[in-house]
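S.K.: Next come the chains, spelled out residue by residue.
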Amino acid sequence: MMLALVRPDSWNFPLFLHVLGAIALAGSIGAVTVLAFAVRRRPQHGAVLSRVAFQTLIFGVVPAWIVMRVGAQLIEDKEFPGDKGPGWVDVGFVVSEPGLIVLIALGVLAWVSARRGGVGRASAAVAILAPVYLAALVVAWWAMSAKPGG
Amino acid sequence: MDTYDWLLFLHVTAAFLVLGGAVMAGIFNFAALQRERPSEIAVLFRLARVAVIAIGAGMVLTLGFGLWLVHHVGYGWGETWIVLSLVLWVLANALGGIGGGREKQTRELAERLAAEGDAPSQELSSRLHDPVWLALSWGSGVVILAILALMIWKPGA
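Protein chains in written order, with the numbering used here: chain W, 1 to 150; chain R, 151 to 307.
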């Protein structure tokens with residue numbers, strides 16, 4: 001029996017919002033990762049690429065994180081009202097909340113990198129931190145979809 | 151974790167590749183639209199190829215694991231949301247394929263202009279802002295988004 005497939009209609013919109021935000025977050029962090037590596041490999045375009053990376057963080061990653069987090073809260077309130085959710089829900093919150101600190105650090109480093117034309121330690125740090133955050137998102141979407149431990 | 155959990159995880163991962171790749175491609179295309187120097191446009195289009203690989207792999211895997219899930223769970227093959235999703239999957243591939251071909255030509259033009267002095271070009275600008283190409287590229291993304299909505303609402307299930 002597939003109980004996980006039966007979902008009240010009122011859960012659909014918050015879930016859509018949460019998944020949409022998570023996908024936009026993963027895509028825009030993926031773009032920052034690709035740009036950060038490209039800054040290192042193509043220093044002649046470092047200024048442009050580091051600027052695009054910073055703009056992607058501000059106009060892509062931050063709004064996507066907000067949509068993902070708002071959607072998560074809405075669906076959690078409906079699915080586990082007044083209750084502590086199971087372990088796989090905690091995995092999501094562990095990634096999203098401390099993850100915000102990583103995103104703030106990433107934003108500051110990307111800003112410094114853009115100011116310096118993609119040259120220096122800040123751009124190297126962006127190239128390390130962005131894929132680490134992307135890997136954390138992979139762990140979160142594994143927990144959200146496979147729901148280990150029920 | 152049982153077979154259903156693994157199939158769902160792999161199907162969702164493939165969906166992240168498709169939609170995340172589409173977001174990445176959108177970011178690189180939008181950034182290219184803001185630039186005038188052919189070398190900068192060419193480098194952004196070259197980066198977009200990473201997104202194209204993610205979308206291509208994700209498209210194949212979403213279909214494969216999706217069909218496996220339908221069979222495993224026992225959904226009816228004629229259910230509205232499944233039929234619509236398959237039709238939209240074909241449409242998204244068609245739009246993305248045509249848009250991708252035009253994008254390749256634009257990248258090659260940008261690379262040629264970059265090698266010939268890297269001066270801003272009206273021809274390149276016109277190609278970048280071509281409404282047909284923009285409609286194909288962004289339209290493909292909208293269709294993929296519609297598939298995501300179908301997966302969640304499952305009309306007719």
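Treat the hints loosely; a few may be bogus.
Unchecked claim - Covered stretches of chain R (in silico footprint by chain W; criterion: 3 or more residues with CB under 8 Å from a CB of chain W, positions within the stretch not fixed):
#, segment
1, 181-192
2, 206-215
3, 256-264
4, 289-303
For the record, the hints were derived by calculation from the structure and aren't laboratory data.
Here the structure is a predicted model, which means the values were calculated and not measured.
C-beta: ideal position from N, C-alpha, C; glycine also.
S.K.: At a Cβ distance under 8 Å, does chain W reach at least three residues of the segment 181-192 of chain R?
M.R.: holds (count 4)
S.K.: Examine the segment 206-215 of chain R for residues whose CB is less than 8 Å from any CB of chain W, and state whether their number is three or more.
M.R.: violated (count 0)
S.K.: How does the segment 289-303 of chain R fare against chain W when you require at least three residues with a CB closer than 8 Å, holds or violated?
M.R.: Answer holds; 5 residues pass the 8 Å Cβ test.
S.K.: Quick check: the segment 256-264 of chain R, covered by chain W? Criterion 3+ residues, Cβ under 8 Å.
M.R.: With 0 residues in contact (Cβ-Cβ under 8 Å with chain W), the coverage given for the segment 256-264 of chain R is violated.
Going down the numbered hints, you'll see the structure goes against 2 and 3, while the others check out.
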